[in-house]
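Novice: Sequence:
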Amino acid sequence: MTSVSLNPPPKERFVDDVCYLNFDMTDSSLVKKYLDKDFDYVVNLGGYINHQLFQEGGSTLIETHFSALQNLVKILPRRRLKRFVQIGSSDEYGNATA
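Counted the way UniProt numbering counts, the sequence shown spans residues 1 to 98.
Treat the hints with care, as some may be off.
List of simulated lysine-lysine pairs, DSSO-like, C-alpha gap at most 27 Å [unchecked claim]:
| no. | residue 1 | residue 2 |
| --- | --- | --- |
| 1 | K11 | K82 |
| 2 | K32 | K74 |
| 3 | K33 | K11 |
| 4 | K82 | K33 |
These are calculated hints, taken from the structure and not from any lab test.
Quantities reported herein were computed from a predicted structural model and do not represent experimental measurements.
Let the hints inform the model, and build the full structure from the sequences given.
Specialist: What follows is the structure, given as structure tokens:
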């Protein structure tokens, strides 16, 4: 299992046998360097939390999330990929009722 984040997890959240990678997924060269390999399943839970209104700078959050997602979709090989799950947040979807 591989986990990508800007920062390593705190010790109390560290899980054995997980490969922790720390880099910015909006940088396509780093995504290619670290993730251009076969995965069976990808669950993208990535994103920053920022509750600014869209008109007050919240668009940057959406652009950042979308850029990272685009890099994943462009770079991940599909040879063995069985499923790709994208999970967003209310920052992207608003206050819509589930």
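Novice: None of the hints should be skipped; say for each whether it holds.
Specialist: Right, here's what the structure says about each hint:
1. K11 to K82: Violated, because 31 Å separates the two Cα atoms, which is more than 27 Å.
2. K32 to K74: 9 Å, holds
3. K33 to K11: Satisfied, since the Cα-Cα distance of roughly 26 Å is no more than 27 Å.
4. K82 to K33: With Cα atoms ~22 Å apart, K82 and K33 stay inside 27 Å; holds.
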